[in-house]
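**Q** Start from chain G and add chain R according to the hints.
Number of protein chains: 2
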Amino acid sequence: MNLRFDKLDGLVPAIVQDHKTRQVLMLAFMDEAAWQTTLSSGKAAFYSRSRQKSWIKGEQSGNFQIVKEIHVDCDEDTVLLLVEQVGGAACHEGFPSCFYRIYKDGELQITQERVFDPAQVYQKK
Amino acid sequence: MNLRFDKLDGLVPAIVQDHKTRQVLMLAFMDEAAWQTTLSSGKAAFYSRSRQKSWIKGEQSGNFQIVKEIHVDCDEDTVLLLVEQVGGAACHEGFPSCFYRIYKDGELQITQERVFDPAQVYQKK
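Top to bottom, those sequences are chains G and R. For the first sequence, our numbering assigns the number 142 to the initial residue and increments by one for each residue that follows. For the second sequence, our numbering assigns the number 142 to the initial residue and increments by one for each residue that follows.
Just chain G, with the same shape it has in the complex (with noise of 0.2 Å):
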C-alpha cells in the first residue's frame, strides 16, 4: 500500500471519528513523517501548514487521539482514523468536534457544548 502523497504537494487529508459514537472530529492533513509518526506511537500526529512541521494532536492540550482502527479510501490518497479521543474534546476552540456549527441559510447555528475553555488550555509561553 502506497498512500497517494503526490496529489496534494505531500499532503494526505485524514478524517478522525470517534471509534465509539462515530461523531466525525475534525479533518487535517498528514505528510509522510506524520503518517509514520501515527503508526510507530499509536496517536494522531498531522502536519501543520501554518507551523510547516508535524505534530502529534494533543502534545500541548493533552487531548490526544488513541488511534484504534485506520481505513484508506478507494483511491489511497485519503485516510480516516476511528479514534478515542482522549479528554473529550478535539476541537482547539475546546468542542468535542471541530464540527460544532451547523449551516443553515447563509448563517452557522452551534450545535454542541464547550468541553474545556481554551484560554485555559492553551496558555500564553
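Think of the hints as simulated: they come from the structure by calculation, not from any bench. Bear in mind that the values here come from a model prediction, so they are computed numbers and not experimental data.
One copy or two, either will do: identical chains are not told apart, so a pair holds if it fits within one copy or between any two.
Here are the simulated DSS-like pairs of lysine-lysine, each with C-alpha atoms no more than 27 Å apart in a straight line:
no., residue 1, residue 2
1, Lys209, Lys184
2, Lys209, Lys245
3, Lys245, Lys148
4, Lys161, Lys209
5, Lys245, Lys184
6, Lys194, Lys148
**A** For chain R alone, coordinates are given in the frame of chain G:
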C-alpha cells in the same frame, strides 16, 4: 460565513457521512461552484481534480447524495455533509463507503461487501 477556498488552491475538503448510520462515506473537494450547486440543488456536488470541473455526485451512477445537514469546521476551511446515500453505495468501486479497507501491518483488508458491480454501473460510453 465565508468558506476559506483560498487555503487550498480554490478548494475545500468535504467529508460525506451517512446521516443515519454515521458511516463516513467519502472525502472529496468542492470549489465555489460545487458549493453553490450543493446549496441550490440539495445534492452533494464536488470538483474533480482529474477532470477539472465540478459535478453532481451520482449524475452518472444515479447514486445521488441527498444533503440533510451541512456542518462547517472551526477554521471554516472544511465542510461535513450528512447525507442520505441513494443506492446505498458511495464508492465508484461499488462499496458502501470509499473507506472499505482497513490498514493493518502494512496491508489493506476489505471490510465491506460490494453493493454494485462497477462494470455495469459505469459502462463505457
